[in-house]
Every structure is written in C-alpha cells, then in structure tokens.
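Peer 1: The chain contents come next:
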Amino acid sequence: MSVPVIETDKANLELMSGKSLLHILKDVTFKVMSGEVTAVVGPSGSGKTSLLMILGGLERASSGKVVVAGQDISTANEDQLAIFRRKNLGILFQNFHLIPSMSALENVALALEIAETGESFREIRERAAAALNEVGLGDRLTHLPSALSGGEQQRVGLARAMVTDPRLLLADEPTGNLDQDTGAMVIDLMFNLARKKGAAILLITHDRSLAAKADRMLSMNHGHLTENVKEAVPA
Amino acid sequence: MSRLANWMRVALVDLRGDLRRFGILLACLALGTATIAGVSSVGDALKDAILRDANTLLGGDLQVNRADRRANPDELAYLQSLGQVTETISSNSRADAMDNSGNTAFLDIYAVDGNYPLYGHVVSPELKAGQRPSDLLAEKDGVYGAIVDPVILDRLGIQLGGHFLVNGTEFEARGELVSLPNSALRGLHLGLTALMSIEGEQANPNTRPPLPGLLTQYSYKIKLNPDQGDYTIAQPKVAAHFAADPEWKVQSPYDAAGTLARFYDLFVRFLLIVGLSSLLVGGVGISNAVTAYIQERQRAIATLRSLGATGPRILVHFFTQVGIMSLVGIVIGLVIGAALTAAALPVLGRILAVDLPPAVEWPALGTALLFGVLAAFAFSYLPLVRAEKLKPAMLFRTVGTSVQNLRTREYLDPWVVLPLLISGLGIFGLAWWSTKDFNLVFYYAIGVIGAFVLLSLAGRLLQFVLRLVPPLPSKTLRNAFRGIYRPGSPAPVVIMSLGLGLAMLLVIVILSVNLREQLLGQVTKDAPTFVATDMFDDEIVDLQNFLQSTGMVTDFKHSPMIRAAITKVNGVPSENIRNRKEISGEAAYMLTGEILMTWRPDLPVDSTITSGAWWPQDYDGPPLVSMRDKDAESVGLKVGDKIELTLFGESFEATVANLRDFQFQTGLNFLVTASPHTFDDFPGTNLATIKAAEGHEKDVERALARKYPDITFLPVGEALNQGAEILGQLSTAVNIVGGLAVVNGLLVLAGTMAAGRKQREADAVVNKVLGSTRTDVIKVFALEYALLGGFAALLATCVGIAGAYTIVNKAQMDVGFGVDPRLVLGVLVGSIALTILTGAATTWSALSTKPAQYLRALG
Chain A
11 MSVPVIETDK ANLELMSGKS LLHILKDVTF KVMSGEVTAV VGPSGSGKTS
61 LLMILGGLER ASSGKVVVAG QDISTANEDQ LAIFRRKNLG ILFQNFHLIP
111 SMSALENVAL ALEIAETGES FREIRERAAA ALNEVGLGDR LTHLPSALSG
161 GEQQRVGLAR AMVTDPRLLL ADEPTGNLDQ DTGAMVIDLM FNLARKKGAA
211 ILLITHDRSL AAKADRMLSM NHGHLTENVK EAVPA
Chain B
2 MSRLANWMRV ALVDLRGDLR RFGILLACLA LGTATIAGVS SVGDALKDAI
52 LRDANTLLGG DLQVNRADRR ANPDELAYLQ SLGQVTETIS SNSRADAMDN
102 SGNTAFLDIY AVDGNYPLYG HVVSPELKAG QRPSDLLAEK DGVYGAIVDP
152 VILDRLGIQL GGHFLVNGTE FEARGELVSL PNSALRGLHL GLTALMSIEG
202 EQANPNTRPP LPGLLTQYSY KIKLNPDQGD YTIAQPKVAA HFAADPEWKV
252 QSPYDAAGTL ARFYDLFVRF LLIVGLSSLL VGGVGISNAV TAYIQERQRA
302 IATLRSLGAT GPRILVHFFT QVGIMSLVGI VIGLVIGAAL TAAALPVLGR
352 ILAVDLPPAV EWPALGTALL FGVLAAFAFS YLPLVRAEKL KPAMLFRTVG
402 TSVQNLRTRE YLDPWVVLPL LISGLGIFGL AWWSTKDFNL VFYYAIGVIG
452 AFVLLSLAGR LLQFVLRLVP PLPSKTLRNA FRGIYRPGSP APVVIMSLGL
502 GLAMLLVIVI LSVNLREQLL GQVTKDAPTF VATDMFDDEI VDLQNFLQST
552 GMVTDFKHSP MIRAAITKVN GVPSENIRNR KEISGEAAYM LTGEILMTWR
602 PDLPVDSTIT SGAWWPQDYD GPPLVSMRDK DAESVGLKVG DKIELTLFGE
652 SFEATVANLR DFQFQTGLNF LVTASPHTFD DFPGTNLATI KAAEGHEKDV
702 ERALARKYPD ITFLPVGEAL NQGAEILGQL STAVNIVGGL AVVNGLLVLA
752 GTMAAGRKQR EADAVVNKVL GSTRTDVIKV FALEYALLGG FAALLATCVG
802 IAGAYTIVNK AQMDVGFGVD PRLVLGVLVG SIALTILTGA ATTWSALSTK
852 PAQYLRALG
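Protein chains in written order, with this note's numbering: chain A, 11 to 245; chain B, 2 to 860.
Everything labelled a hint here was simulated from the structure, so no lab data went into it. These numbers come from a predicted model, not from an experiment. A hint or two may mislead.
[To be verified] Straight-line distance between alpha carbons at most 25 Å, and here's what the computed DSS-like set of lysine-lysine pairs gives: (1) B:Lys569 <-> B:Lys476; (2) A:Lys41 <-> A:Lys206; (3) B:Lys238 <-> B:Lys224; (4) B:Lys569 <-> B:Lys250; (5) B:Lys390 <-> A:Lys29; (6) B:Lys238 <-> B:Lys250; (7) A:Lys36 <-> B:Lys392; (8) A:Lys29 <-> B:Lys392; (9) A:Lys75 <-> B:Lys569; (10) B:Lys250 <-> A:Lys97; (11) A:Lys36 <-> A:Lys75; (12) B:Lys692 <-> B:Lys558; (13) A:Lys75 <-> A:Lys20; (14) A:Lys97 <-> B:Lys392; (15) A:Lys97 <-> A:Lys75; (16) B:Lys224 <-> B:Lys250; (17) A:Lys41 <-> A:Lys20; (18) B:Lys238 <-> B:Lys476.
Chain B extracted, bound-state conformation (with noise of 0.2 Å):
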C-alpha cells in the first residue's frame, strides 16, 4: 500500500505545472456529468413531487368518477359514509358575451361542490384567505359565480363583475383562476378553465357534450374518515362495492400520480438518453485528450521506463493525473448539474402546475458521479495502457508525434480487454438501472457500440482507399489526400469524434421532432381552427355561402356523420373489452357509447389502406366498415371480422372490410367510416371544419358566433395550440439539453484539431520551408478538412438515422418516425463548415509559425 502511495505521490508531484492541457478533459466531463446530474435531478424532483403531493394532486384520498352520469343517493350516500367527499363536474362548453358583440369563449368547465377543494387551495387573487371557492362561486339575485382564467376575460371583452352565458345560464366573472391545487393531474384540457358551482353548471340541464369525445366526466374524491384506513385499505373496499358497475373507475392517488408520472418518466428517461449521449461523445473527448496527454508526455514516460519504473507504476503514474483531473471535472459537473436543477425545477414547476421547490437531490448527483467515473474510466484507459506499453528506446530515435496503438493481440490481454468490459458493462447496468428500460438501453448500446466499430472501420476504409488512388494532377487535392492517409494523420479521430457527436446530434433532433409530431400532429399547420357538428344540409351551404363571403377562411370541408355506439366486436359486448387493460385510450373511447361515424363511396384522399380493400364507388350491399388499424388492432379486430352498431335504439352487424392509417389532423376523418346506404335508414347530418386563415381566427368565430348563436363552434385549433404551447416548453428542455450534448460534439472536436495542431505546425512549417505560401497551405488544410467533415457527415447521418430508427421501433417509445430532409441536409452542410472553420481556427496559430523559431525549438 505504501508502496502505491509512493507512486501516486510521485505522480501528483509530476502534476504540477501547466494545467491547461487537461481544458478539453475537464469540459468534456464537466458537462456529460451536469446534464446528467441536472436530468436525472430534475426527473427525480418531479417524480417525487407527484408522488408526495399526490393527495393534493388528485384532490382527494380516493377518487371514483364516471363519464355518463353523476352518483345516485345511494351512491353518495356510501362515498359520504367513508368519509367528506367532494363532487366536481368537468365539461365543455361555450361563453358568449352578453353585449352581442358576438365574443366568445370555449371554456374547459370545473363545477365543484362547497366541499371542494378536499386539499390544497385554489389560488386566486380575490380568493381572501380562509374563504373557500364556493363563497365566490353561489348565487346572488339570480346570478352565478365563476372564477375564471383570466384570458376569458380578454375574449369576451369583460372585466371581473363582468357577466356572461353558459349553456343560457347568467354567471358573473368574480375571480381570476391562477391555478387549482389538482391541476397537474387534469393534463391537457380543451379550452380555458373556468371554475363554477355544479348548481350553476347544472341550471340548464338539456345541453349535450359538443363532440364526442368531450367526455363530461363526474368525479367524487373522498377525504378518508380515519376509520377507513388509508387508501391502501379502503381501495379495494370501495372498488368491490362497485364492480358490479364497470363504469366506476376507483383511483388511489398513487394510480393517478402514477400515470403523470409515467407520463414525465418517459421524457426524463429520453433527456437521460440525451444526457448519456452527451458524455458518451465527451467520453471521445476524453480519450482524444488523455491520447494527447501522453503524446505530450511519452518522453517523460520513456524516460521513468530508463529509470528502471514498471508498466505497472507507469500505469498507475498517469491512471492517478487523469483521475484526480476527471474527478475534478466530474465534480464541477455535479456543482453546475445541481446550481442548474436547483434554478429550473421552480420554473418547469410552474410550467407543470407541480411544486417543485429548489432542492438538492443527492441520488441523482451519485448516478452522475458513477456515470462520469465509469465514462473516464472507460475512454482514458486504452491511452493509459497505451502509455504503460510505450519503449524507453525512443528517447534514442527520431519519432513521430503520435502514440503508437496496441497491437491486435495486445487489445486481447485480459488486463486491456476485461477492465473496458466491466467499464462498459457498468455503464450499461446503470443506464438500465436509471431508466429501468432495458430495451432501450439495450438497443442504445448497441447502436453506440456499432457506432463506434462503424466509424472505427470507416476512418481506417477511406485512408486505404485514398492510398490506393493515383496521383491526382491537382497538387491541393493530392496533398489533401495525403493529409488524410499519412502516418500519423488525425483523420481516423476526428471521423469518430465529428461522426459520433454529429450522429448523437441527429439521433436527438430525429427523435425530439418526431416526439413532438406525434404528440402534436401537424397541428399547427393542418389542424382545422374550428369543428361543427350535427349541421343539417341546408346549414351546410348556407355556411359555406357565408364563409366565402367573409374571405377570413382559407378551407372549409364538411363530411355527413352519425351518431353510433359499437355495442359487440365479433359477438362479445363492447363493455367488456373496453376496461382491459391492453387496450388503448383512442380504442377504449370508440367503445365507450355513441361516436361519430361517416360513410362514403370513396377512400379518403389521405388514407393508406393496411389491410383488406375499399369497397367499390357503387356498393350497395350488406354494411361494411372502415376502420382505423390501430384501434382495431388494439380490440382485437381484423379484415372480416363483425362489429355490432347500434343507433337510434337499433342494432345491426358489419363486417370490417379494411384497416386505414390516417392522421386525424390531416382531414375529415373518422374512427368508423361505414360504407354507402349502411345508415340510410337513419336521420344523418354534417360534420363542418373551418381553417381560418392566419391571424383572422378570433374574427371568424365572432362572426360565426353572430351568424349562428346556436351552434358550437369548437376551437380546436385554438386547444391543440396551447397543448403544444406546453409541449413546446417540453421540448426547449429537450433542445437545451440535446445542445449540451452539441456543445460537447464541439469541444471534442476543437480537442481533436488541437491534438492535431502539433503535426500540422510540423507540415507548416516544412511546406513553407520548401516554399508554400500560407494560402497554398490553407487550401490543402481546408480541403483536406472538408473531406473529413463531409465523411464523417454522411456516416454520422446513416448512423443517426438507423440509430433513431432503432430507438423508435425497438425501445417502445411511442413515437412515429421521419425524417427531415432540410434537416439532415442541414446537418451535413453544417458539419462540413464547422470541421473546417474549427480545423481553420486551431491551424492558424500554426500557419503563423516562423520555421526559424520551429526548427530552432525543434533542436
């Protein structure tokens, strides 16, 4: 031991000096390590957040809810026996002003009971402390009270006192909404939240949800008696008082915390993807580094070797500088990973209605550290053995400037291969163990082990061809070319390093884009900005008439639809499918009662059958259906199979003729599109979209609210934007952090032309020795760069794209796949220029070497 300690003495004597060298180590480690720290502390934050605050979360110890109806007295009676319950009522539906001024507002209603809320406050500035919502919310002389959010205001062009109508109830603007304590667990809502009693909700009881789908759902959260245990307890008493009735769903706070944070889970396991990415591509700026660490220092090592020191000190010797160096990086990386978490966790608690105070979370700085410690491990230990295998003898010859590799054999000693493996494998484990996703942790190794073998291979390919080419006439390209295939050339390392960070890069961009288009669709650009229902023909073109007339629309389509329940699927009821589990949300709320179906002789313009065939124009035999695949796929349905449609209180059998893929943003479609005469029997109307053209939306649905006060107009457009409002907050997170990632990309980059900046001096300095002006050097420089960068562009594309390609369709992650043209393009052009505007950068100082003075150094 003493021994050992004698030589890590010795080491850190030999440390001293100029610390410079290590710049690239420590950036490279510092950030891999805090966008880990900072992921993994923001993920764990959130997550214990939910989880700690879920009572207030959900509202309640307990919650039962229903989509059809409110509770019966027996019903409540039983809730009220467990103990205080609450009642809230969520719907849509619209505000219109009372100044005919024709201002409207789609409002997301929040009817609540005086008992409401059961914990946590509703926060608004004229809720006085102490006074419960439903002080503000009773009714006086005739008039309701609402606390709303404070955009209604603006849309229909009141102020608080101010009054308007809901469904023909008179309701008087009493309070600005902030927030309601269980916000965060009601997800994405279409309109804006107004508060109200369930009296005043209730006042006007013959109104109808505006769309399916705009489920009313009836909630009851109960406050546990102490005697009823905790949830754990009175959960499964209270699911087994209503099994009877399927249509009671009983959640316990962790269910419906679980499912948000789920939900956050999947984006902190992607950011934690990212944040791995970023110290895996720094972990090539590590090795790059160490690499030309010992370049620097091989006669320092060969001249411990003449004294008589082991491979083994020697390995110990370096092993303790870049040690205490990359622990000094990881270190710094945890302290900016934690200031940084510690700054956005109350600003991404603001954005997720969650509380998240600034805290320090100690597990998530120790899988940073584990993850840095392995990451230096792993990438600084072949340079290190490379060091513990360097000759003494050359301190009597003339070499090169760079480190020889290891012989193929070498790379098999057990004392090479067995500590990269157990490094490796260590990572590994901890990615799975942090994400608890093995395939996708999996499926990411292997792609980054290909990855590297790839671009390994590849450097090697490109120098052996150009070997091979025959002298160019082009003196620059000649030279390029040599530059790249000549002994010592960084072309191999810099193709891993650009093509790595650049591959990273587009596998983060690919993903982030495709998340965000599968949870956004083409929203902003396809979505209508306004959907009508139940319209009767005549209705239709008198809309279109008056559309046209107000040149504010740029499309308006319109479908016949009908009201329909699937009741059985191949015989079985359709209430007995829709609660499994395995089914999906879309598929489960097709089954749920009466939706909207349309029939049509032919295949929508941006439809793409998957199975079976479109009936022809001119059908009229037994009723079939289209379908959407998915969903059929999730109840078990295929070509051929029976569904069971029941309208108007009669029932009839299809037959499944064909599954589409569609998006529902891109057109007029339908969960069920029947083929013709399958509902002509049935009083059929039109469903209507509107897209009004930029800028001129609130203009149409004033003028549409005027034109046609009794009927809805959906504000769709206007809904999915602020979903993608939030998700575009969702997503900056995502690109700060894939930027770190790019950061690093960069520095590793400038750490490879740096350790390169040596040879080049050299080649400088002997070109202009033999008479080359600095432009002629220049241009082979940047030629010779432009060519790597192009390389290792098109190998980083093919190898992002596959890898994102990979992660989407075999790590499970819900998310659609394509890829962006522009994009890549974008990428290729990018990584050219900045591989020669870095090659540029760190070459200028060598071209502005005087010979004498290198020559001179040089001895």
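Just chain A, same shape as in the assembly (with noise of 0.2 Å):
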C-alpha cells in the first residue's frame, strides 16, 4: 500500500531581509506517495528551491507541519535532522557539490560512512563501487571530481544520493549545469534508479519538459503551491 513519502500541512517560511520580512512559501499543503515522481516548476524566485530546502530539513518552515518520511521535521533540532536525513533522503544538487580531495569513489562512500549503517570499510568501498557501476562510472572510481565531466560529476552525484537507498531523493535543478543531452541521460537514470529502489522523487526544475517526464506537476507561484493543470506524463 502506498503511503505518504511527504504531507505538509500550511507550510510557511518566512526570512528576515535586511529589515524586512520576506514570506517565501505560503500555506503549502501538498503529498508525495512512496515511489512517485513529482516535479516543482515556477518561475525564479517563487520559492522551489525553499520548498526543497524546508522538506530536506536544510532550513525550518516557520509555522505549519512537515512531515517527511513519517517523521515530523518542524520541530526537530539540527542533529535530529541531519540523522534524518542520512537515514531518508538523497539530495542531487545543481552545482554537484562533490567534496573536492575525495575521489568518486570516496565522495559516494562518504554518503555511507556518514549514514553509519555498521558496514566494514570494505563493505562500504564495495557498495559504493555497485553504486557507481550503476551510473555508469565504474571506470572513474579513482578520479578526483576536477578530472570528471559535468555529466559525470552529476551522475557520481546521483550514486552518492541513491547508495543509502533513501526513501525520498531531493533533486534542484539537477540539470541546470548540463547540457541538454547530457541533462536527459541524468534525468533518466535518476528516474529508473528511484524506480529501482522504490524511493520518491522530488524535482526542481524550470525545464517544462524535463517536469513532464514526472509522474506529477507542481507549481510554485508567488509561495503558493498549487497541481498542474496539465496531466503529467509519465517518464
């Protein structure tokens, strides 16, 4: 039976600017059901990349609940949410974000030393290994990410989010850096990789056809999240 991945009720963020008072989200209510694909579309400055943000447990929403993955975040202190995260999410960024000195194969065996899932070093090596055979890297385990493409940077990116086989895969404009091809082939190996592994997605993105290979459409406007009119069309 398919249960909720993510239930937000009247999710609110607010920032202070300066002196001001900025309202970011507004009263988003919205669910993601395990193993579905949902992309947020809108306009720069509507507030995805908050929404992300504010669903990874990067950032409180000021009022209103959030529930990822069963577990109520709005309240949880910034320890309890890193374990959270460690144990539930994978997040894909647009900029990579792979830690320089380490190799790709260190960067996605980081994701599982830090998940402290009680593995061996080796086991851990071996697993991330797997990982990146599976995104079709498993000549480039030794290269330091200066030596990997941007494609390939991402896709080590993808290993590292998906070797902990996260319940909810976190994904900002993944292809922003990439280029139209290149962007196509991550998407679709994030998508059958989430596939694979039963792990929601949530997927930031501007790209309208990139969006449309979700199984669902959100739009972001002005805070307000509010269903695509247009019927998603499954990847």
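Since each chain comes alone in its own frame, lean on the hints to assemble the complex.
Peer 2: Right, dumping it as structure tokens:
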C-alpha cells in the first residue's frame, strides 16, 4: 500500500531580508506518495528551492506541519535533522557539490560512512563501487571531481544520493549545469534508479519538458503551490 | 571509539590536496613554538650549567669573604682546618708603562695565592698543561709575574715579557689571560683583568682604593675535607663560627650561583614573555588561517551536513585536520627551536663565561609543545565551532564569502566557552609555572585579554562610525570608507591582527629600551670618561687650565668632596642595618663605611625633589642632608629623620631635609649632599669629572698620566662601555626574539590580507566591469589600508605603552619607564606603510584578475 513520503500542512516560510520580512512559502499543503516522481516548476524566486530546503530539513518552516518519511521535522533540532537526512534522504544539487579532495569512490562512500550503516570499510567501498557502476562510472572510481566532466560529476552525485537507499530523493535543478543531452541522460538515470529502489523523487526544475517526464507536476508561484492543470506524462 | 576513529579517518582522506592553504598556520605555530622552545631551552641550559658548575664558578665548596681586611692567622687557621684554602684579593689600580710613553691601563686586579684555583683551570696559552698559575706569577729577580688581559698589553704598548708598574711595584707580563674558571660569578668589573700573586699585589701596602665603592674584596675559597661533609653541613657551622663578626660573609656555591641564576632568570623570563607574545600574535594568525580554511570549505561542510553529518562529526572532522596540521607546525617549531638552541648555547656560553655545550633540553621542548598545543587549540576552536554551526541551506543560496559569526547566546554555550576558558587557563598556568612569576603573568594576561577586547570593539566601533558619516564628495574616500564598513569587510580582523602585533612589538621594544637604560643609564652619551678624587683646590684650577689647553675635552665638572661614614640611622648603628636582606645594594654600600659626600647651597640642576624641601641658599643652621630617595627609603629614612656622620674620628648628627631622584650618569651627584658649612671644620678636597671628546679618550688618558702621574683618573666611561658591550650582546638576543615576534606579526598580517583576497578579487572585478581603471581601484584599496593601518597603529600605541607600563610597574621588573616619541612615530609610520604594502602585494593578483575569467569561474 502506498504511503505518503511527504506530507505538509499549511507550511509557511518567512525570512528576514535586512529589516523586512519576506514571506517565501505560503500555506503549502501537499503530499507525495512513496515511489512517486513529482516535479515542481515555477519561475525564479517563486519559492521552489525553499520548499526543497524545508523538506530536506535544511531550513525550518516558520509555521505549519512538515512530515517527511513519517517523521515530523518541523520541530527537530539540527542534529536530529542530520540523522533524519542520512536515514531517509538523498539530495542532488545543481552544482554537484562533490568534495574536491575525494575521489568519485570516496565521495560516494562518504554518504555510507556518514549514514553509519555498521558495514566494514571494505563493504562500504564495495557498495560505493557498485553504486558508481550503476550510473556507468565503474571505470572512474579513483578520479577526482576535477578530472570528471559535468555529466560525470552529476552521476557521481546521483550515486552518492542513492547509495543509502533513501525513501526520498530531492533534486534541485539537477540538469541546470549540463547540456541538454547530458541532462536528459542524467534525468533518465535518476528516474530509473529511483523506480528500481522504490524511492520517491521531488524534482525542482525550470524545464517543463523534464517536468513532463514526472508522474505529477506542481507549480510554485509567489510561494503558493498548486497542482498543475496539465496531466503529467509518465517518464 | 571506532566511530570516532572512522570520523577521523574520513577527515584525513579529506585533508588530501592542497596543503599550501595551511602555510600561514604552520608558519605562525612553528615560529611561535620555536621561539618558546629556544628561549626556554637556553634558559634551562643556562640555569643547569650554573648550578652544575657552581663549585667551579665560585672557585670552591664554600667561600668566606670580607671587604675591609685579610683574615688574621687565627681565622685562617680555622678555615684551613676545614679543607684546602685559597686566598684571593680583588681590587682596582692603574698600570703604568715604564717607557715614559704615558701609556696606562686601569686594572681589575685578581691577586691569588699558590692554591688557586681549587676548581677548574685558568686558561692562558702560556700556561702549560698541569702548570699552576702561581708558577708564572712568582717573583723572579725582584719582578712579579702577571697573566693579563691582552688589551692591557695594547694599552701599555708592550708585548709578552714586557714590564709595567702597579702601585710602584714592577710586574712582567708572562701570560695572556683567556679566562678565569670563576669569571662568570665575578660579574661585571671595572678595568681589565690582571691575575697576579698576593705578594705582588701587597708589595706596596700604602695604597688605598681609588674611589670608595671600588672595594677590595678578600675572599677565602675552601675545598672541604671529606670529613666536613658538603656545604650544607659546613656552611651553617662556618657561619656560626663567624657570627660575632658580621663583616664576614659566608657563601655556598648555590648562594653565589643562585644570584647569577636569578639574574639570568630575569633575562630568560623576559624572553619567555616575548616568546609567548610571539605565539599569541601568531595565535591571531592561526585563528585567521582556520577561519579562512573553514570559509574555503564551507560548501564542503554544508555538503557533509546535507548528507547527514551531525555537528559533533563536523567539529571532529575539521578539528582532526587542523589538529594534525597544528602538530606538524609545532613539531617543525620544536625542531627549529632545538637546532637554534644547540647552535646558540656555545656562543652564549662564550659571552657569559659559562660552559654551555650544545644540548637538547627536553623539559623546555615539552613546555613549548604544551604552549603550542594550547595556543593552537585556543585560537582555532572558535572558527571550528563556527564550522559546526554552519547551515547546509547555503548550498542552495548565494552567500557572501565570509563565515557567519556566532550569535551572542551561542558564545555562552558551555561547549563554546568552557574549552576556551580551560585552554586560556592552561596557557596562563603554564606561563606561571615556566616563569615562576605570578604577577608578571597575571598582568600580562590582563593586558592580552584587554587588548583583544579593546581591539575587537574598536574595529566594530570604527565600522559603526564610518557608516554614520554622510556621503563624502571624494569618490575614493567614500569607497574606502565603504570598503571598511561593508558586510564581510576584513577591517575588524586587520585591526585585531595588526593592532595586537604592533602592541606586542611596542611592549617588547619599550621594555628592552627601558631595561637597557636602567642597566646602563645614558652611559655612552652622558657618563664622564674619567673621574678623579681627592684633588686640592689649586690642582683643580691647574687641571682645568691644562684640559682647556688640550682641546680634547668637552666637559669638565668639579665639586667639593669629603670622605665620611654614616655610622647611625635614627640612632641605630649602621652595621646593624646594612646586612638586612631588604636593603638594596646601593643603600647597603652607603652604610659600609666612608663614602664620598659633598655640600652645596643650591639644588643640582638634574635632580628632582621627591620629598621635603631644599635649604635656602644662605642656610647656616644645624647640619641638613639631602639623599637619594630610593636609598633612603631602602634603609627606612624619611624627611626629618636623623643620621650620624663620622669623619676624622668625630661624629655629629644631621637631619634629612629632603629626598631626591637623580641619575649618577647625568651629572656630579653624591649619595649624601649636605647643607653649606656642614663640613667647615674638616679638610675637604674635590672630585672632578672629565668628558673627553669622542675618539680622544686615549689621548686624554695619556696626557693626564704624563702631567699628573700621582693622580689616578678612573676610566669609568670605558668600564661602563665594557658593561654596555655585554649587555648589548644580551639585548641582541632580546632583539632577535622580539624580531621573531614581529615576523609572526607580519605573517599574521599577510595571512589576513590573503584571507580577504577573494573578496577583493570580487570587488576588483565588479569595479572593473563597471568601468573603473586599475589606478582607481588601487587608490581605494591603498586609502582603505592606510586608514586601517593608521587606526590599528594608534590603538596599538595606546595598548603597547599601557602594557609596557603595567609590566614595569606591576610585575616588579626593576626597570624605569620612558617612551621615546621617535620610536612610537617610527612604529606608526612603519605599520601604515607595511599595511599598504602587504595589502597592495596581496591585492595585485586580484587587480590582475580578468573580469571574464572571474565571472566564468563563478558560473
């Protein structure tokens, strides 16, 4: 039976900018079910990334309820949120954010090390290598990020995000720094991987053609989240 | 534990890559630790050597000595019953060449018997192995032998084997003196050392010390017989034997060595404070470097957080990295410190006449290690806590390049404040333990904390004030002001780094200048070249005419003098007072016996009355005296108290009318100056001081010796200059250590500027894109740095002067206080120039950045 991975109820986000208060998210209420691929589209500054941040526990909602993977994260402290992330989330960034001093393998293994799975060092490395194999980088294990192309870096990012088998993958403009073909390839890889592992995806994007590949499309406008009128096309 | 080990392992993997970013951290720590390691090692080695060789340095297991006479046969027999005894007599006299050249040399005579030395060796190329000095000193054909400082030969214009006269006795220079085994404990002495036999020295018994104060010392050094036990048993026994006669002083090697050790201890303590300053200034560099590192890694930190790393894990991760690099810096510092010590010890040993072979002082290195670890922790902890508090949301937002400061309430978190407090107390405790001087460390700590707080507040205050300034017509000035107060400006850090570095530099320079002044006075500038006593009025007139005729004298002063003793102080016999421990050396000397006194109607121009009033010019009442304030206070005298003066067998009472502050070097001053007519009933003479024109000292000396063969002109200027030379070498050590603190300050400044480089690069690019020329940009930067440098220098001047004043006055460093405005001005101008230069150097590459290149890299 499908259960909600994301469940928000009138979530608001207000931030101070200088002396003025900005109301970024306004009464956001929505659900994402397990295994569901949801895209959020909207213009710059509409609040898409802020939504992703409160879902990832990277920013705290000013009011309202935010339940992710069955856990109410609106009241958790920083370290509880960190533990929550390592157990339930994978995050894919527009700028990849790989650790430049670590090889592709070490970057992926880092997620497992932080997750403290109880595996041995060797097991962690084997699992990380397998994850990189899955994204087609089995021959790039020892390469540093600086020696990888943008598409390869994003694939390492994807392997790192998925290696811990998260229930939810948050992807923030994952193709924003890639050319169209590479972007499409990464998105396909991401969707396939998520489906294979049963993870839900919340994809933030400007690109409506990418969003169209999702199970469902939501629109963010001036902090209001609405269900898109267009039927989503399965990826 | 395995979890912690796992966290640390990941941190180590992440440490790979460009280690150059730790350059400033390594350099600051290495330099600070090396300074402390070097200073502590030298101090320990010096103290160890002095105590280890105490017997040799004293010349015996026990020494008894007095200033007024030799031991009588009974006393000598008693001393000889304790063990082997050697008698030595220290005195001063003049050596005259025998060729009518007028060549003279003022001697520090060390007369010894056949047993000398009981420990160690006299070093002279003419002394063959196993040969005793007495072999060369013995009388041969009516001529005594002498082993002399080679300079004496030059002065007298003779060679080895040449003859000269001392007090009418003929001596032959039979050896060149390299060193006496006990020269370190003999300390500074007036004149060039000549070793001779007691028979030779005593051949003319009708000599008197040329000046009171140049006392003859009769010493008996004893190598104790085994049945006497060691000095701990013998010393109380001998002291009890001589208890009835307080003129006898009994010293163990450790009493004597202890005095020397304490002298060097003061020196080492001062150096240790300088070394600690270097480490603390470097600490700001450590803090800046770690902040810069965290700033550089903040996206990686945010990534780790987004992957689920907890705060403690982030702290451990970066603590491990910074800790390992700090340890590397500390170890480099220890190695440098140990190597420098090994190289410096023999050199220092030669200067101080102590055997100091190259050695590694492990306890001192341990102390330096602890200082390094504590300083590294104290200064890197806050930036690391900031890393822990960093929020991962920044991965999604455009943020400035600076890491956010903690909020006030976060500083009060026990996990933030307690480790800082503990490490601070650790540094304090270790400094206290190392210097054994609570006051010094306490006031130093207050000063350092005060300076940190003041400089930190001042930086923010400057930003606040500049923000309030209405827009100025000058675009350059406007932009420079904006550069200082804009968010993320390096101004507070520059003010802190530069201000603290400069303040420390000023404290060091002011202290070392004052220490030097205190020890030497205005020696080289104002001290007379020659002093002569007991001159009659007609001789003074004649001398004045003669000196004028030579044209080689720049100053001639004379004053009436008489030799009198202070025999009672407020009715208490002087001998009961002068041996008290609390009495200063000069005050004790004042009560020793006959000293030079004078009388005059008017206050000497270079004196300041500190208590009481000077007598009227025509005063003709009961005897009044004026005394030097610190001596009077030392023996418990105040205005209105009475002293008994004794001369020519007669005694009378005089009242203390006033106390004065004066320097001996700056004029003709006496410990006791009486009111006019006080000594009318006694035959007075004159004391004269002569200042020879620079470069003509030898000519004047020769001319005086020829014209006045019966008068001894003491070459005090030369003796003081010899002292100045040794102190000069010691102050070179101070300057080297101080210089290291300055280098650390420069590193900090460079580090600060380098850390702000990214921001300047961004500013430069934006300015260039908007159409500013490179000159426009550099003008703004230069003005910004000039303002910051000037502001920091002004603050540093206040902090530095206040710090030095506090240390001098509160930490019982027996040093006077004065500030040379030229020195302060030099520091001010130098620091502004340095800030602009360092800023320009680190900005140059930012200015060279092509806008397109930067913007492309920005993505």
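Peer 1: Would you mind marking each hint as holding or not holding in the structure?
Peer 2: Hints, verified against the model:
1. As the CA atoms of Lys569 of chain B and Lys476 of chain B are separated by approximately 78 Å, the hinted pair breaks the 25 Å bound.
2. For the hint pairing Lys41 of chain A with Lys206 of chain A, the CA-to-CA distance comes to about 21 Å; that is within 25 Å, so the pair holds.
3. The straight-line distance between the Cα atoms of Lys238 of chain B and Lys224 of chain B is roughly 15 Å, inside the 25 Å bound, and the hint therefore holds.
4. For the suggested pair Lys569 of chain B and Lys250 of chain B, the alpha carbons sit about 21 Å apart, so the restraint of at most 25 Å is met.
5. Pair hint Lys390 of chain B plus Lys29 of chain A holds up; C-alpha atoms about 23 Å apart against a cutoff of 25 Å.
6. Proximity of Lys238 of chain B to Lys250 of chain B is assessed by CA-CA distance (about 13 Å); at most 25 Å being required, the pair is judged to hold.
7. Restraint check: the Cα-Cα separation between Lys36 of chain A and Lys392 of chain B comes to about 23 Å, which is no more than 25 Å; the hinted pair holds.
8. For the hint pairing Lys29 of chain A with Lys392 of chain B, the CA-to-CA distance comes to about 21 Å; that is within 25 Å, so the pair holds.
9. At most 25 Å may separate the alpha-carbon atoms for a hinted pair to count; Lys75 of chain A and Lys569 of chain B exceed this at roughly 95 Å.
10. Restraint check for Lys250 of chain B and Lys97 of chain A: the C-alpha separation of about 83 Å exceeds 25 Å, so the hint is violated.
11. Taken as a hint, the Lys36 of chain A and Lys75 of chain A pair is honoured in the structure, with Cα atoms around 12 Å apart against an allowance of 25 Å.
12. Simply put, Lys692 of chain B and Lys558 of chain B have alpha-carbon atoms about 9 Å apart, close enough for the 25 Å limit, and the pair holds.
13. Taken as a hint, the Lys75 of chain A and Lys20 of chain A pair is honoured in the structure, with Cα atoms around 7 Å apart against an allowance of 25 Å.
14. With a C-alpha separation of about 19 Å, the suggested pairing of Lys97 of chain A with Lys392 of chain B holds against the 25 Å cut-off.
15. Distance check on the hinted pair: Lys97 of chain A and Lys75 of chain A sit about 20 Å apart at the alpha-carbon level, within 25 Å; holds.
16. As the CA atoms of Lys224 of chain B and Lys250 of chain B are separated by approximately 17 Å, the hinted pair is consistent with the 25 Å bound.
17. A threshold of 25 Å between alpha carbons decides the hint, and for Lys41 of chain A with Lys20 of chain A the separation of about 12 Å falls inside it, so the pair holds.
18. The suggested pairing of Lys238 of chain B with Lys476 of chain B is violated, with an alpha-carbon distance near 86 Å, which exceeds 25 Å.
This entry does not satisfy hints 1, 9, 10 and 18, going by the numbered hints stated previously.
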